[in-house]
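Trainee: Residues per chain, in single letters:
2 protein chains.
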Amino acid sequence: MSQIEIVEVGPRDGLQSEPDVLATSIKLELIERLIAAGVRRVEVASFVNPKRVPQMADAEAVLAGLPRRSDVQYVGLVLNRKGFDRAQAAGCTEIGMVTAATDSFAQRNQGASTEETVRAWEEIAPLAHAAGIRAQITISVAFGCPFEGEVPMDRVVALATRLSQAAPVELAIADTIGVAVPTQVTELVGRIRQAVPGLPLRCHFHNTRNTAVANAYAAVSAGVRTLDSSVGGIGGCPFAPNATGNVATEDLVYMLSRAGFDTGIDLNKLIGVGHWLQEQRGRPLPSMVSRAGGFPKSIS
Amino acid sequence: MSQIEIVEVGPRDGLQSEPDVLATSIKLELIERLIAAGVRRVEVASFVNPKRVPQMADAEAVLAGLPRRSDVQYVGLVLNRKGFDRAQAAGCTEIGMVTAATDSFAQRNQGASTEETVRAWEEIAPLAHAAGIRAQITISVAFGCPFEGEVPMDRVVALATRLSQAAPVELAIADTIGVAVPTQVTELVGRIRQAVPGLPLRCHFHNTRNTAVANAYAAVSAGVRTLDSSVGGIGGCPFAPNATGNVATEDLVYMLSRAGFDTGIDLNKLIGVGHWLQEQRGRPLPSMVSRAGGFPKSIS
Numbered sequence: 001m002s003q004i005e006i007v008e009v010g011p012r013d014g015l016q017s018e019p020d021v022l023a024t025s026i027k028l029e030l031i032e033r034l035i036a037a038g039v040r041r042v043e044v045a046s047f048v049n050p051k052r053v054p055q056m057a058d059a060e061a062v063l064a065g066l067p068r069r070s071d072v073q074y075v076g077l078v079l080n081r082k083g084f085d086r087a088q089a090a091g092c093t094e095i096g097m098v099t100a101a102t103d104s105f106a107q108r109n110q111g112a113s114t115e116e117t118v119r120a121w122e123e124i125a126p127l128a129h130a131a132g133i134r135a136q137i138t139i140s141v142a143f144g145c146p147f148e149g150e151v152p153m154d155r156v157v158a159l160a161t162r163l164s165q166a167a168p169v170e171l172a173i174a175d176t177i178g179v180a181v182p183t184q185v186t187e188l189v190g191r192i193r194q195a196v197p198g199l200p201l202r203c204h205f206h207n208t209r210n211t212a213v214a215n216a217y218a219a220v221s222a223g224v225r226t227l228d229s230s231v232g233g234i235g236g237c238p239f240a241p242n243a244t245g246n247v248a249t250e251d252l253v254y255m256l257s258r259a260g261f262d263t264g265i266d267l268n269k270l271i272g273v274g275h276w277l278q279e280q281r282g283r284p285l286p287s288m289v290s291r292a293g294g295f296p297k298s299i300s
Numbered sequence: 001m002s003q004i005e006i007v008e009v010g011p012r013d014g015l016q017s018e019p020d021v022l023a024t025s026i027k028l029e030l031i032e033r034l035i036a037a038g039v040r041r042v043e044v045a046s047f048v049n050p051k052r053v054p055q056m057a058d059a060e061a062v063l064a065g066l067p068r069r070s071d072v073q074y075v076g077l078v079l080n081r082k083g084f085d086r087a088q089a090a091g092c093t094e095i096g097m098v099t100a101a102t103d104s105f106a107q108r109n110q111g112a113s114t115e116e117t118v119r120a121w122e123e124i125a126p127l128a129h130a131a132g133i134r135a136q137i138t139i140s141v142a143f144g145c146p147f148e149g150e151v152p153m154d155r156v157v158a159l160a161t162r163l164s165q166a167a168p169v170e171l172a173i174a175d176t177i178g179v180a181v182p183t184q185v186t187e188l189v190g191r192i193r194q195a196v197p198g199l200p201l202r203c204h205f206h207n208t209r210n211t212a213v214a215n216a217y218a219a220v221s222a223g224v225r226t227l228d229s230s231v232g233g234i235g236g237c238p239f240a241p242n243a244t245g246n247v248a249t250e251d252l253v254y255m256l257s258r259a260g261f262d263t264g265i266d267l268n269k270l271i272g273v274g275h276w277l278q279e280q281r282g283r284p285l286p287s288m289v290s291r292a293g294g295f296p297k298s299i300s
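Line by line, the protein sequences give chains A and B. At position 2 of the first sequence (counting the first as 1) the number is 2 in UniProt numbering, and the numbers step up by one without a gap. At position 47 of the second sequence (counting the first as 1) the number is 47 in UniProt numbering, and the numbers step up by one without a gap.
If you are wondering where the hints come from, they were derived from the structure by calculation, not from laboratory data. A hint or two may mislead.
If chains are identical, the list can't say which one is meant, so a pair holds when it fits in one copy or spans any two.
With a cut-off of at most 16 Å between alpha-carbon atoms, the simulated EDC-like pairs for lysine to aspartate or glutamate come out as follows [said to hold, decoys possible]:
no.	residue 1	residue 2
1	Lys269	Glu29
2	Lys269	Asp71
3	Lys82	Glu148
4	Lys82	Glu122
5	Lys297	Glu150
6	Lys51	Asp154
7	Lys269	Glu148
8	Lys297	Glu148
9	Lys269	Asp85
10	Lys269	Glu170
11	Lys51	Asp20
12	Lys82	Glu123
13	Lys269	Glu123
14	Lys82	Glu60
15	Lys82	Glu32
16	Lys51	Asp71
17	Lys82	Glu5
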């Protein structure tokens with residue numbers, strides 16, 4: 001049975017989009033519940049300017065409050081040197097950086113051109129390597145941009161090739177606004193694998209247009225072994241406020257486990273975490289498996 | 001570019017689950033709007049006992065009110081001889097019958113065993129052929145049953161083989177409760193194609209666990225060229241009341257057209273139909289493409 005690793009991004013990518021700032025204790029409880037359900041890699045905080053992202057202002061406190069476990073990676077989002085220094089001091093075992101396939105999106109999202117974000121990666125990746133911290137990077141809007149529309153695949157492949165030179169533990173391609181379809185995933189994954197053989201790939205899908213599970217299946221079929229997702233499907237894209245955001249971990253785990261893949265996650269426990277989070281948030285979250293439940297057991 | 005035919009089931013399978021009975025005029029307007037968006041095959045009514053399904057009591061009036069078009073198939077659901085006689089008299093150009101992969105579901109849904117529903121098909125299919133009416137049949141709960149749990153694939157293949165002997169224009173396999181995953185779709189479609197070469201297959205997916213678009217893509221990849229869906233994603237399964245039902249036509253058309261398939265449907269017009277239906281119903285419908293819109297155009 002093939003192993004698929006889930007990177008749970010709810011505590012960072014998900015909660016960052018919530019209208020109110022969650023208490024550190026709730027974040028810690030969420031992460032601990034996720035670990036108890038079998039999650040082994042969690043994006044836990046963002047080391048960015050707390051004035052721009054007040055929901056993540058407690059990044060250091062979150063890291064300080066987490067149980068130290070050799071079998072769990074705590075990922076901190078980092079955009080620049082200052083963020084890296086904070087993440088390192090806080091004890092992150094892995095940093096995730098971000099670039100974008102278009103300048104328009106990079107400027108809006110990170111206040112920098114694509115070239116500038118790539119240079120930040122090229123500066124910081126060696127520092128992380130020297131410090132024994134895993135470092136990876138995500139190409140956002142890899143399948144389409146809210147400002148520029150179609151994104152040429154050649155550009156994404158070239159960007160992936162350049163990023164790979166600073167030796168990421170993994171490169172992620174993100175469908176940040178949920179426009180991708182499976183054929184594109186198959187093609188882009190294939191082209192990057194051809195351009196940079198041996199580079200581990202991760203995929204990050206949003207379910208904005210109901211294609212995320214299909215895209216995840218296409219990615220896995222193309223050999224990708226790591227997927228991002230968010231418990232409950234919490235999180236959204238600030239540029240598409242009515243749209244569902246990250247694919248729900250419950251929905252991915254349901255599909256993958258019925259399809260014969262092993263994520264190491266207990267679906268029933270995970271559904272419980274989603275229900276708990278839903279109670280904390282006081283509203284239904286987008287996960288459909290959370291509502292419907294897993295596969296019905298025979299009652300006959 | 002491969003053609004994919006969409007059978008729009010909203011006016012029957014969708015509206016049947018609505019709590020109130022819609023006016024015939026609204027149904028007619030819905031169907032005419034769908035045709036204007038490019039739909040060419042529509043499940044328009046159900047010829048069943050109006051006491052059991054009051055939403056479909058106006059089946060004859062719907063058929064009488066529709067424009068006669070040689071390029072559009074109007075499908076009527078039929079479960080028995082009486083229903084067939086009504087559908088024929090009303091002028092349906094196609095009838096759809098239903099059986100189930102489990103007796104428990106057949107009894108609950110149709111008040112008959114699987115064997116009895118198969119015999120009804122074997123009685124009625126020749127009558128339809130003689131009358132020049134297209135006849136097809138759906139195997140419901142083909143991927144899992146709410147009462148019996150797992151459904152052995154051998155049983156579905158054997159059922160498909162038997163049903164094919166009465167020469168359906170097409171056989172449909174339905175994931176009535178939305179439990180299927182793409183690997184199962186690939187396998188079941190492949191096995192039926194092997195058992196009954198040349199039999200056109202249709203797939204009917206529910207998005208209850210967020211897998212419908214993935215399953216549709218798997219079906220199309222396995223050679224299926226006809227898919228059921230419902231505008232707005234209207235409709236549900238009476239046995240899973242909190243769960244989203246039929247996959248939304250908008251969501252399928254978005255994925256298929258971005259993946260290079262031609263459905264003949266204009267996505268923007270279709271989204272307009274969904275918005276109109278949403279206003280009629282006074283609540284948001286499940287289609288995600290309806291909310292998010294199609295692929296963003298470049299603004300640069």
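Trainee: Please name the hints from earlier in the document that this structure breaks, with their numbers sorted from lowest to highest.
Mentor: 2, 3, 6, 7, 9, 10, 13, 15, 16, 17
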